[in-house]
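Undergrad: These are the residues of each chain, in order.
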Amino acid sequence: MPASRASRASRASRAPQAPQVTRVTRVPVPGAVLPGEAVPDDAVLPVLPALQELLPGGLRRGSVVAAGPWGLLGLALAAGASAAGAWCAVVGLPQLGVAAAADAGLDPGRMLLIADPGPGWPQVVASLLDGCELVLLRPPDRPSAQLRRRLEATVRRFGGVLVVAGEWDGAQTRLLVANQEWVGIGAGHGRLRARRAQVVADGRGAAARPRARWLWLPGPDGSVTIADETSGSREPFWPEIRSTG
Amino acid sequence: MTSASDVPCRVLVVWCPDWPDQDARAFEQVVTAVEGLCPRVEVLYPGACAVGARGPARYFGGEEALAVKIIDAVACHGFACRAGVADGMFAAQLAARAGRPEAPGAAVIVPPGAAPAFLAPHPVSSLGNPELADLLPRLGIRTLGDFAALSAAEAANRFGAQGALAHRLARGLDPRPLVPRPPSADLSVSTPFDPPVEQSEPVVFAAKALAERMHAGLAARGLACVRVQVQVICADGQELTRLWRHDGLLSALAVAERVRWQLSGWQAAHSDADEGVQAGGITLLRLVPDQLVRNTGHQLGLWGDAVINDRVARAALRVQALLGHGSVVRPLLAGGRNPVEQVTLVPFGDAADPALPSGRPWPGRLPAPAPATVFPVPLPARVTDESGATVTVSGRALVSAPPARLSARWPAHGEPWLAITSWAGPWPVTERWWCPASTRRRARFQLVAEDGSAWLATVQDGQWLIEASYD
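Chains A and B are the protein sequences, given in the same order.
Sequential numbering of the first sequence, starting at 1, is according to our numbering.
Sequential numbering of the second sequence, starting at 1, is according to our numbering.
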């Protein structure tokens, strides 16, 4: 494949990496870092503070994250890294709401959108992983096991993170919105103000134990924050009544 | 003040009406078409270019014939343009615009010496100077003829340097002479392959040496190129050409890399069409430097931004080689009332402004939070009340009955009916009522279905559409 030579050359020309990074990326099953082993900061991409408990440390470089059906959760996963300066490519999602992405924390200036990658989408994703640290993907068709392994190898080689909207059998981490409830809207009155969503994360290796957290996904200003465990009788987002004059 | 040398030379201006402001890339095709007939073209702005008319007109047998030839050549590329010939750039530009809109392929020829008379009836606003366009009519000077009737000294005294310049324009003189693109010496380099090669590797290898030769040729003239055109010719006469743009200087290795992408992208596109991919092998590889600039050296960004951008640009260009220029876009947040308008998509490598300016109030825009999924084409939907009748909205924004059930043709869900648990609306939106062609009158709803999903729906002309999803 012509891609590999060009990209290897570019990798070699980059600054030498810390030895820990090399070790982690060479682990045959990525994500299966031995318990107790400290994860160097270079080996993860940061995530939003609200997702810290679900993804301890952050998004591990070289891993695939499945984020369930397409929604705000996928954007929230990418937001922390994008805000920290990573480029983010979005493949196969012409319906991405850019305003919502910006509110969640993604920088639209560091986004590349490829709405229709066509039948050659695996090559498109591989090319993008060379330049972008984060690739959001909704595969146009269900990839074969062989194709999946090849893409996973590409992700490991470039040290990026592939966030998949949909199912991905070999994903190291899976996130899912288990419960959700919109607040602020009634039967014919109010408007959508925020969503309380219970997000469940599980995965393989160190991330095997399922964790669940309640999040405001999104909050009233579009950001993603931690919500209380118990559903309050009064939502905190009712408009303030201010006296005027 | 007017001397014989002051009389401007004949200029032909090609003007494409309604050209999108930033689309310099497509305009390059128009310039190329014009350049095929007259070698020295000056691009005024995307949408207009100028050539000196004297020489070409003599060659083609008159200015009329030249203008018709140019309009035909541009039309061959699929663009409508108008042409104007006059003394001086300013008069020629106005002449190009003076053609009747109902006859787009028309040329307006202002005979030599007639420029002042041609300009006289035009309003002073055509000078393109907002200050003067505001001031002069208040002084009773409404046309260029009125303005030209003032003496040059008075105009300079009263209106300053800008006024003196404008006065020269109004009299049909040029503020500056035509500055054509430098006649391009042939700096292109090429390599023939005999016998034709089937694989791309030898071509890429040759491209590196070729690029070094091209850079040596450019460096000898103190030039650098912003873009490189890579041309591959096959044994059966097929030709594959692509322009590669690069912010910095394209190194020999970078050029070779782009040749490789171009070939692999081409192979990917043709692999399922026919087996003989290379159509008998490649016989010629040519590199043509484009957009020459003075080589002032290249300085990388201090904070490493440039390096990162270079990696990203390379990835984006590779995908563009596979899928086409417009397939990789960058989003720009824009203004507007609807979610789908609030983003402008710009192909990677192009510069553009948002279609609708952001930072304006846009009354009636959707309140935060913004929907996470915005359908580029709204999905047709049906919303009914308890009895199964379609919910309608009256002219006074009253709902016929509370919406109870929702069915939309979204691909993943089939077409099931979902019970609506909560809803809000209608919020009437009336846009552009002053323009019958683009006016829209709609009512917005927010609907929450039994499975917890939240939707943004609109009713327009009795038809329900799902515009976005909040999940």
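Wrong hints could be hidden among the right ones.
Here's a subset of chain A near chain B, in silico, CB distances under 8 Å, partners left out [to be verified]:
1) Glu53
2) Pro56
3) Ala84
4) Ile114
5) Gly118
6) Leu128
7) Glu152
8) Gln180
9) Trp182
10) Trp214
11) Asp221
If you're looking for bench data, these hints aren't it; they were derived computationally from the structure.
We treat Cβ as the ideally placed atom computed from N, Cα and C, and that holds for glycine.
Undergrad: For the hint on Trp182/A, just tell me whether its beta-carbon gets within less than 8 Å of chain B.
TA: Given a least distance of 5 Å, the restraint on Trp182/A holds.
Undergrad: With a cut-off of 8 Å, does the beta carbon of Glu53/A approach a beta carbon of chain B closely enough for the hint to hold?
TA: 22 Å, violated
Undergrad: At a threshold of 8 Å, is the proposed contact between Leu128/A and chain B supported by beta-carbon distances?
TA: 5 Å, holds
Undergrad: Is the shortest C-beta separation between Asp221/A and chain B less than 8 Å?
TA: Where the cut-off is 8 Å and the nearest Cβ of chain B is about 5 Å from Asp221/A, the hint holds.
Undergrad: Under the criterion of a CB-CB separation shorter than 8 Å, is Gln180/A in contact with chain B as hinted?
TA: With Cβ-Cβ at 4 Å, under 8 Å, it holds.
Undergrad: Taking the closest Cβ pair, is Gly118/A under 8 Å from chain B?
TA: 6 Å, holds
Undergrad: Is the interface hint for Trp214/A satisfied, with its Cβ closer than 8 Å to some Cβ of chain B?
TA: 14 Å, violated
Undergrad: Classify the hint on Pro56/A as holds or violated, based on whether any CB of chain B lies nearer than 8 Å to its CB.
TA: 25 Å, violated
Undergrad: With a cut-off of 8 Å, does the beta carbon of Ile114/A approach a beta carbon of chain B closely enough for the hint to hold?
TA: Since chain B brings a Cβ to about 6 Å from Ile114/A, closer than 8 Å, the hint holds.
Undergrad: For the hint on Ala84/A, just tell me whether its beta-carbon gets within less than 8 Å of chain B.
TA: Ala84/A check fails; min Cβ-Cβ to chain B is 12 Å, beyond 8 Å.
Undergrad: Hey, does the Glu152/A contact hint survive, CB to chain B under 8 Å?
TA: 18 Å, violated
This entry does not satisfy hints 1, 2, 3, 7 and 10, going by the numbered hints stated previously.
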